[in-house]
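Position chain B relative to chain A; hints supplied.
Protein chains: 2
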Amino acid sequence: MNRTADVTSGKGERPVVPGPSSGRNVPADWVSSRPRAERARRVADALRQQITTGGFVDGVLPDEHSLGRQFGASRNAVREALGLLRQEGLIARRRGVGTTVVMPKYGHGLDRLAGLAEALTGYGTVINEVRVAEIVPELPAAIAERLQVPATAGGVHLERVRWLDGLPLSLDTTYLTADVGAGVLAGDLAGRDVFTLLEETTGCRLGRADVVVHAVTADPDTAALLGIGVGAAVFALERLTHLSDGRPVDTESIRIRADRMALRATMHRGQPAVSD
Amino acid sequence: MNRTADVTSGKGERPVVPGPSSGRNVPADWVSSRPRAERARRVADALRQQITTGGFVDGVLPDEHSLGRQFGASRNAVREALGLLRQEGLIARRRGVGTTVVMPKYGHGLDRLAGLAEALTGYGTVINEVRVAEIVPELPAAIAERLQVPATAGGVHLERVRWLDGLPLSLDTTYLTADVGAGVLAGDLAGRDVFTLLEETTGCRLGRADVVVHAVTADPDTAALLGIGVGAAVFALERLTHLSDGRPVDTESIRIRADRMALRATMHRGQPAVSD
Numbered sequence: 001m002n003r004t005a006d007v008t009s010g011k012g013e014r015p016v017v018p019g020p021s022s023g024r025n026v027p028a029d030w031v032s033s034r035p036r037a038e039r040a041r042r043v044a045d046a047l048r049q050q051i052t053t054g055g056f057v058d059g060v061l062p063d064e065h066s067l068g069r070q071f072g073a074s075r076n077a078v079r080e081a082l083g084l085l086r087q088e089g090l091i092a093r094r095r096g097v098g099t100t101v102v103m104p105k106y107g108h109g110l111d112r113l114a115g116l117a118e119a120l121t122g123y124g125t126v127i128n129e130v131r132v133a134e135i136v137p138e139l140p141a142a143i144a145e146r147l148q149v150p151a152t153a154g155g156v157h158l159e160r161v162r163w164l165d166g167l168p169l170s171l172d173t174t175y176l177t178a179d180v181g182a183g184v185l186a187g188d189l190a191g192r193d194v195f196t197l198l199e200e201t202t203g204c205r206l207g208r209a210d211v212v213v214h215a216v217t218a219d220p221d222t223a224a225l226l227g228i229g230v231g232a233a234v235f236a237l238e239r240l241t242h243l244s245d246g247r248p249v250d251t252e253s254i255r256i257r258a259d260r261m262a263l264r265a266t267m268h269r270g271q272p273a274v275s276d
Numbered sequence: 001m002n003r004t005a006d007v008t009s010g011k012g013e014r015p016v017v018p019g020p021s022s023g024r025n026v027p028a029d030w031v032s033s034r035p036r037a038e039r040a041r042r043v044a045d046a047l048r049q050q051i052t053t054g055g056f057v058d059g060v061l062p063d064e065h066s067l068g069r070q071f072g073a074s075r076n077a078v079r080e081a082l083g084l085l086r087q088e089g090l091i092a093r094r095r096g097v098g099t100t101v102v103m104p105k106y107g108h109g110l111d112r113l114a115g116l117a118e119a120l121t122g123y124g125t126v127i128n129e130v131r132v133a134e135i136v137p138e139l140p141a142a143i144a145e146r147l148q149v150p151a152t153a154g155g156v157h158l159e160r161v162r163w164l165d166g167l168p169l170s171l172d173t174t175y176l177t178a179d180v181g182a183g184v185l186a187g188d189l190a191g192r193d194v195f196t197l198l199e200e201t202t203g204c205r206l207g208r209a210d211v212v213v214h215a216v217t218a219d220p221d222t223a224a225l226l227g228i229g230v231g232a233a234v235f236a237l238e239r240l241t242h243l244s245d246g247r248p249v250d251t252e253s254i255r256i257r258a259d260r261m262a263l264r265a266t267m268h269r270g271q272p273a274v275s276d
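Protein chains in written order, with UniProt numbering: chain A, 1 to 276; chain B, 1 to 276.
None of these hints come from the bench; they were simulated from the model.
All C-beta atoms in this analysis are idealised placements derived from N, C-alpha and C, irrespective of residue type, glycine included.
Do not take every clue at face value.
Said to hold, decoys possible - DEER-style ranges, computed between Cβ atoms:
hint, chain 1, residue 1, chain 2, residue 2, range
1, A, A92, B, H65, 26 to 32 angstroms
2, B, S74, A, D188, 33 to 39 angstroms
3, A, R69, B, Q148, 20 to 26 angstroms
What the hints assert, rightly or not - So the derived list for chain A, only partly shown, Cβ under 10 angstroms to chain B, looks like this:
hint, residue
4, P35
5, R39
6, R48
7, F71
8, E199
9, T202
10, V211
If we strip away everything but chain A, and leave its shape as in the complex, we get:
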């Protein structure tokens, strides 16, 4: 399907935009008649970005009228945008008080390999609710393959809900190879990151981790454990961590509340671009 071949702006000509479904080119000043849902989305995006960067003094948003003026949007579109952000858990609206930021999102950097407690140093103390901490005599086949050991080598299985100042932030399921797992299992799993326990008990530094980030909606079990609604957006991370000698020792499945955390990265252009 190629829905776009006819909508390119001609070089040097007046830029044009396609109508929402007509496929015909219409002038750019058609902008002002775009449907409300579209305006609501754009206003919500702009406000989310301002919330993320702490752009509202005292965490109070301007009233609907001011927001409408600022974004050139109708009051209904503004109301719809605020409804989206409330649904995301970012803002609260109360009569007489107005619209306030519930709390800024915590940032978890993707630039450097760090555990949650490390990443949140300065924000508060991470405490872990240890739900599973066990030796497993046989690893699930997919886990064994990922850790490059035979399933029969066994390993250590951990599951922890991670709390920051009374707020459940993430649910981490971890499998460790048997050799490094034993030391971690004897460590302070309630108070420490697995990463620091791994480095302390092995005497080896961690090397690299391969991370895949998914966004999913919360299943009933995740929702109950993290104190969010079924269907709320959560990050689901798969992370495979290696010791500095390259050996994979730690594979995790991590669910993170997306209403309370954002992932941050600094990307560099690096290599010359391949032409597209």
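What follows is chain B alone, placed relative to chain A:
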């Protein structure tokens, strides 16, 4: 709130896990009686990871019975797990055919700054449905602040739905500073990444970008534009891109279908760990 002070595994003792709500320590072999939703979540996690890494030959999953045996889970738990993955858009289930992977997710690397078409080189051709391409005489206040220009300097506003082989993958809203925007506006917006247009028209390489990744559920407008259900999980990225001289020139709000794309990163341990 500190729900975890009493559940730490004692050093050297047999590992214990807390009951789901009792707070009492129970032996690890209690594992087998955990509720179905919990098992379903774990099975779904394991399968999602295998799907992501192309772990199923021909994209066909084993039958419920085999999966149950492999994960030590009941048939109901397996069925619930498959239900979650179907809801995420990852698998299809048909009588007589079984359970199949709809398609592997495309990966978008967070390690290097690249446009979508660059990132998907080799997977197909990205074509952009240009919805907005206009000069704006005055920038929204928050956008101007981000780009470090006065609002009255104006800029260029783009909005594009990005398609790969008939599949709408992302919805990108872009604001460019006026100086670099004019050249981009005259370029092939339907066929090219903004990044490559920026580098070609300015003659400058891009430098770094600051990225914040949110996970949200699809609002009605996003859902309609990306061909997904309202409430489906989507990534919402905020990206501020600088030229190699450090000048911010491009701020974007990007929504990405999370059922068809995953974000990938390689993280390095780098600096010595701060003790937690």
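We went through each hint and held it up to the structure:
1. A:A92 <-> B:H65: 26 to 32 angstroms: Check failed, 48 angstroms falls outside 26 to 32 angstroms.
2. B:S74 <-> A:D188: 33 to 39 angstroms: Distance hint for S74 (chain B), D188 (chain A) holds at roughly 34 angstroms.
3. A:R69 <-> B:Q148: 20 to 26 angstroms: This hint holds: roughly 23 angstroms between Cβ atoms.
4. P35: 8 angstroms, holds
5. R39: 9 angstroms, holds
6. R48: Interface hint status for R48 (chain A): holds (7 angstroms vs cutoff 10 angstroms).
7. F71: 6 angstroms, holds
8. E199: 6 angstroms, holds
9. T202: 13 angstroms, violated
10. V211: Since chain B brings a Cβ to about 5 angstroms from V211 (chain A), closer than 10 angstroms, the hint holds.
Comparing the model with each numbered hint stated earlier shows that hints 1 and 9 do not hold.
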